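Whole structure, please, built from the sequences with the hints as guidance.
2 protein chains.
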Amino acid sequence: MSKNIFYAQSGGVTAVINATACGVIETARKSRKIGKVFAGKNGILGALREELIDTSVESNKAIAALRHTPSGAFGSCRYKLKSLEENEAEYHRLVEVFKAHDIGYFFYNGGGDSQDTANKVSQLSLGMGYPITCIGIPKTVDNDLPITDNCPGFGSVAKYVAVSTMEAGLDVASMAESSTKVFVLEVMGRHAGWIAAAGGLAKSSAGAPPHVILFPEVAFDKAKFLAKVKDSVNKYGFCVVVASEGAQYADGTFLADAGAKDAFGHTQLGGVAPTLVDMIKAEHGYKCHWSVADYLQRAARHIASGTDVEQAYAVGAAAVEFALAGKNAVMPVIKRRSTKKYSWEIDEAPLSKVANVEKMMPKSFITKDGFGITNKARDYLSPLIQGEDYPPYRDGLPQYVQLQKKLVKKKLRPFNPS
Amino acid sequence: MSKNIFYAQSGGVTAVINATACGVIETARKSRKIGKVFAGKNGILGALREELIDTSVESNKAIAALRHTPSGAFGSCRYKLKSLEENEAEYHRLVEVFKAHDIGYFFYNGGGDSQDTANKVSQLSLGMGYPITCIGIPKTVDNDLPITDNCPGFGSVAKYVAVSTMEAGLDVASMAESSTKVFVLEVMGRHAGWIAAAGGLAKSSAGAPPHVILFPEVAFDKAKFLAKVKDSVNKYGFCVVVASEGAQYADGTFLADAGAKDAFGHTQLGGVAPTLVDMIKAEHGYKCHWSVADYLQRAARHIASGTDVEQAYAVGAAAVEFALAGKNAVMPVIKRRSTKKYSWEIDEAPLSKVANVEKMMPKSFITKDGFGITNKARDYLSPLIQGEDYPPYRDGLPQYVQLQKKLVKKKLRPFNPS
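Going line by line, the protein sequences match chains A and B.
Plus 55 on top of the position in the first sequence (first one is 1) and you've got our numbering.
Plus 55 on top of the position in the second sequence (first one is 1) and you've got our numbering.
No lab work stands behind these hints, which were simulated from the structure alone.
Just so it is clear, the structure is predicted and the values come from calculations on it, not from any experiment.
Any given hint could turn out to be false.
One copy or two, either will do: identical chains are not told apart, so a pair holds if it fits within one copy or between any two.
Stated by the list, open to error - List time: in silico DSS-like cross-link candidates among lysine-lysine, alpha-carbon distance up to 25 Å:
hint, residue 1, residue 2
1, K396, K285
2, K464, K382
3, K116, K460
4, K342, K137
5, K342, K283
6, K408, K382
7, K414, K175
8, K336, K135
9, K396, K461
10, K460, K290
11, K135, K342
12, K408, K465
13, K382, K85
14, K461, K290
15, K382, K461
16, K290, K342
Right, dumping it as structure tokens:
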């Protein structure tokens, strides 16, 4: 009998994670060897609580519309399973739920933490005599997974940030003589400056914005930064800064530490832009404006990268194909065939090599002064934002789909995740 | 001999003010009765300093590309001419420059302040024996000009805010169970809540985001606001807030007063979103995220409203037609013919009735509890965001035009604006 798939979305959602779900479900629907696709309500919590969304009741049209709908259609969560030693019960519960619902495949769509979980479930289920085929599917706007050339979700944020930087740059340029001289755009990227780097794609000539990029990888030097801003205003009449939320001093202190920590123990950040603006006003007295893109950047399906949408779909489809081919504890990755005339293909990576490895930006991507991106970075980033893939509109608004999210009948006793 | 046009962009730029410039220049190029179109470098300052950009050297292709290029292609400024009594010299200088360059038409593309200036120049030039035909052209993202049904520039910001609210709302909804419960989006609108109201268009059903809108027109009541946020989290699991930068307490104190004032004496605002988030965290302890759209919203040509682009072009074209028809001291306005199947036409209004009048949102547009928009507001707003008008892209980025901006040779002595 055909086994079912359990698919879960994990961590921060993106503009294209539902395109991956679409790739999984459409590909599974075409195969006679696969039963149903169940999706976890709110990610892995849905498995622990036995809250499984039955995607088979959704129309083909609704599933197709996932391709152009941002956010996590089934709900996501930042819940991280503890280590096997600390909470083996949770892993047992997962396998128990999978067994009860005839689930033979676990597809975990997330970042490094999720790939680690998928890998563990694969090992444990084998030991429990109910082997689950575990496929990790890459997703993260942070672009920090190893092996894969890039992560689905990143290209669309990159496009949003590049386009926004270009547009705001034109705005500031046209008013700078008598009004705002400095504009600071704060973007995501906790430990890696990939997203901030994408702002650099807006730079069309030497004097064009952005004039300063702040990366988490480069220790923030206040005096050097303020001098650079002044220099830009003097030379070009204005200064556009793209600042990563993860910008930090040499000792690792974030410029703006909001204090709160999420379930993974990561510090919740926000407020770099106003912090920088305060510094600039105090030192130079320039009129400044600032923007914090926050969720707008990762939800902006309206300006998604066509490349990103295609790749997000492709890794979802590949997960099903891998499973059908008997692969286990692997993740489909994007392999760049060529940069000049950009082409890519799907390859595979063992989860053990993906889990908990954070890919930093190469030093060669950052200019010597620490405030810009090199041509090498441009060559890498540029293809990822190419292509437009607009959602359909009605009455001026995107037609994003809302699924029915019908839950499968429970068969087991309740379980409370810790 | 055919007189030249002087065209100037004034105040905060928009995603479509260049579409108006395109309308002016393309229409003028078709007429044999008009000489050249000179544009003020940095707006009216360009006239005072005799820095006139000769648009006749720009190709038809470059001028056509203005239609899809955001910001002010010739530069704008927040320079406001003083009253005639305080600085008559400036008005004389304007007329002197116009005379020297055979300018018979003054087109001033801006908000209420600019229409006031255009009106004064019209009167004064008559008294000086060199009558200038003065046409005001409406532009303001704030949508606060009287008589015209709406202001070019507003529809595109409205679309940006509605789309962004919808997208961020989906994002928050999909993570709320275990992560962020409240998201606050800060938008522009100093004294009128038109832009914040546009966020309400994202609301597709009773429980859908946004759950709270804060208007400058409704006195901020902290206890009531916090109760509303809590109620929304309890009922729907999350709460999306769209807050106008002009949100204020009953005594007129802005929630976040950045302190600085611009050249018009207006207080420079920013920081409502983090202020609200601090309140919510302190009272309810919810995990919150916030975004400040700032310039991104008014520069976002990539998601401009098709209706707005058409109207922005039309008021530019109409300015030329009005001038050719011998009209003076008037402004083309947008007249709504019908809402149900939206249609509009260009009408005219005397500058004397436009100048310095601020159109507030009708009370009937705000729900009784002060936190939402009524169906009447939706009927008014919805047509303004309809239609998509995407710029062309290359390598993933919009192809915005940069003009040559060649200056006309000076003929007069220097003049320093005060």
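How the hints compare with the structure:
1. Taking the shortest Cα distances, K396 and K285 never come within 25 Å of each other, neither inside one copy (39 Å) nor across copies (52 Å).
2. For the identical chains of this complex, K464 and K382 are neighbours neither inside a copy (30 Å) nor across copies (74 Å), given an alpha-carbon limit of 25 Å.
3. Within a single copy, K116 and K460 get their C-alpha atoms as close as 15 Å, which meets the 25 Å cut-off; across copies the closest is 50 Å, which misses it.
4. In this homomeric assembly, K342 and K137 come within 25 Å of each other (Cα to Cα) only across copies, at 22 Å, whereas the closest approach inside a single copy is 48 Å.
5. Taking CA atoms no more than 25 Å apart as the test, K342 paired with K283 passes inside one copy only; the shortest distance there is 16 Å, against 35 Å between copies.
6. In the homo-oligomer, the alpha carbons of K408 and K382 lie at most 25 Å apart inside one protomer (15 Å), although the nearest pairing across protomers, at 74 Å, exceeds that limit.
7. In this assembly of identical chains, K414 and K175 lie within 25 Å of each other by CA distance solely inside one copy; the values are 21 Å within and 62 Å between copies.
8. For a Cα distance limit of 25 Å, the shortest separation of K336 from K135 across copies, 24 Å, qualifies, whereas the shortest one inside one copy, 41 Å, does not.
9. For a Cα distance limit of 25 Å, the shortest separation of K396 from K461 qualifies neither inside one copy, at 44 Å, nor across copies, at 37 Å.
10. For the identical chains of this complex, K460 and K290 are inter-copy neighbours only, at 18 Å across copies versus 56 Å inside a copy, given an alpha-carbon limit of 25 Å.
11. Taking identical chains as interchangeable, the C-alpha atoms of K135 and K342 lie at most 25 Å apart only when they sit on different chains, with a minimum of 17 Å there against 44 Å within one chain.
12. In this assembly of identical chains, K408 and K465 lie within 25 Å of each other by CA distance neither inside one copy nor across copies; the values are 35 Å within and 68 Å between.
13. In this assembly of identical chains, K382 and K85 lie within 25 Å of each other by CA distance solely inside one copy; the values are 19 Å within and 67 Å between copies.
14. In this homomeric assembly, K461 and K290 come within 25 Å of each other (Cα to Cα) only across copies, at 20 Å, whereas the closest approach inside a single copy is 60 Å.
15. For the homomeric pair K382 and K461, neither the shortest alpha-carbon distance inside one copy (30 Å) nor that between copies (64 Å) is at most 25 Å.
16. For the homomeric pair K290 and K342, the shortest alpha-carbon distance inside one copy (17 Å) is at most 25 Å, but the shortest distance between copies (42 Å) is not.
Checked against the numbered hints listed earlier, the structure breaks hints 1, 2, 9, 12, 15; every other hint is satisfied.
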